[in-house]
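S.K.: Sequence:
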Amino acid sequence: MKKCVLFLVVLIAGLVSFPVFSQTDNEPVALGLPGDNLNLYAVLDVFQKSKTLEDFENALNDKDNKINNLDLNNDGQTDYIRVVSQKNGNNYSIVLQVDVNSNEKQDVAVIEVNKDKNNNVHVQIIGDEDLYGKNYIVEPASVTAGTPNPGYKGDGTVIVNNNTTNNYNTTTSPNYVTTSVSAWPVVLFMFSPLFVPYVSPWHWGYYPSYWRPWRPVYYHDYWGYHGHYYNNRYYRRTTVIRNPRYYNTYVTRRNTSVVVRDNRVNGRYNTTYNGRTYNRPAPVTSTRPGNTRPGTTRPTNPTTRPGGTRPTNPSSTRPGGTRPTNPSTTRPTQPVTRPTTRPVSPTNPSTRPVVRPTQPTTRPTSPVTRPTTTRPATPRPAATPRPTNRGSERR
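Per mature numbering (1 follows the signal peptide of the UniProt record, and there is no 0), the sequence shown runs over residues -22 to -1, 1 to 373.
Since the hints were made in silico from the structure, they are not lab data. Relax, there's no trap hidden among the hints.
Estimated spans, in silico, between C-beta atoms of each pair:
{"id": "1", "residue 1": "P222", "residue 2": "A260", "range": "22 to 28 Å"}
{"id": "2", "residue 1": "Y196", "residue 2": "K112", "range": "22 to 28 Å"}
{"id": "3", "residue 1": "P171", "residue 2": "E5", "range": "44 to 50 Å"}
{"id": "4", "residue 1": "T263", "residue 2": "H206", "range": "21 to 27 Å"}
{"id": "5", "residue 1": "T249", "residue 2": "H100", "range": "34 to 40 Å"}
{"id": "6", "residue 1": "P179", "residue 2": "P259", "range": "34 to 40 Å"}
{"id": "7", "residue 1": "H100", "residue 2": "Y196", "range": "34 to 40 Å"}
{"id": "8", "residue 1": "G253", "residue 2": "T230", "range": "35 to 41 Å"}
{"id": "9", "residue 1": "R246", "residue 2": "R223", "range": "35 to 41 Å"}
{"id": "10", "residue 1": "K112", "residue 2": "V237", "range": "18 to 24 Å"}
Mimicking PhoX-like on lysine-lysine, the simulated pairs with C-alpha atoms at most 25 Å apart in a straight line are:
{"id": "11", "residue 1": "K83", "residue 2": "K44"}
{"id": "12", "residue 1": "K83", "residue 2": "K41"}
{"id": "13", "residue 1": "K83", "residue 2": "K112"}
{"id": "14", "residue 1": "K95", "residue 2": "K65"}
{"id": "15", "residue 1": "K65", "residue 2": "K93"}
{"id": "16", "residue 1": "K83", "residue 2": "K65"}
The beta-carbon is built from N, C-alpha and C at its ideal position, and this holds for glycine as well.
Start from the sequences and build out the full structure, keeping to the hints where you can.
M.R.: What follows is the structure, encoded as structure tokens:
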């Protein structure tokens, strides 16, 4: 009896707590940024189901799909999302773009499609920093056999034509097969020889005839359409950009709008929340190997070396610091301790007399006053008178 009562109590507690946990899992969260009105999980899902980029653009702007809820120029009408593709080898950038007015464009997100050297295709959608903040990235999760995306049928034939209304695959049939990203119809089309980079012909004031803007709904209602994507196992958030070099090239030419920045700073986009407050999504911490550089931890080169000896190199350990194979290292002829006093040699006394028995300090110097030597004057003979000219006396 006690066991039955205990079982009923546990059963009732489980039934009561189940709705509580499910409500917690489905509770709306918001970034508090304009990107809340374009769910990138849903955008990537539409990209997977599309067969051409024209088809992808048409599906994004279809009111019945309830994917686009953006109003970046704050005019009370949804904006038309343009698709602009760029190609560089095996790298593709599919830019989602909005004409805010006749002069300004704002990039909303970019889908990066890359094929590596092993022919593996990687797809990521990266939200623009002005609309989603930094590193808001969504990518396909690892799909194992038996758990494919039920919204995708991978055995469809890719039809390359100008029909932009019938190529969107909306099948939910259970006859799906497990496929990889490289088998997505739009990916097959992009890597086919027929692909030409697509640039949307529509722009501000010039839109397709089948499109009409509509009034955006409040965020709480928009969450009801796409909130289930946050807990699915087919798409996930990450913080790792798989091809940062090519993405950085795109960033240098991305389009930004002054109007969007002013509206965001002045809080004009907050009317979508209708006065409600929402928790922010949980932070994403990627644990994939690509998030950490392999050079930071090297298991083959431990930071602490046991004993400072390398077992693979025996020459690095020197026993006792002496080399037995080289006897020249110890020289017995040179003692380590030398005598501090040299032996006194008899021929060269170590002590020299202080006073040298050399020349006396007082030398008989020559007198300062030298005796003036007077030379004896040699008397000159008196001048002999010249004999007068006797001829003159003769007359």
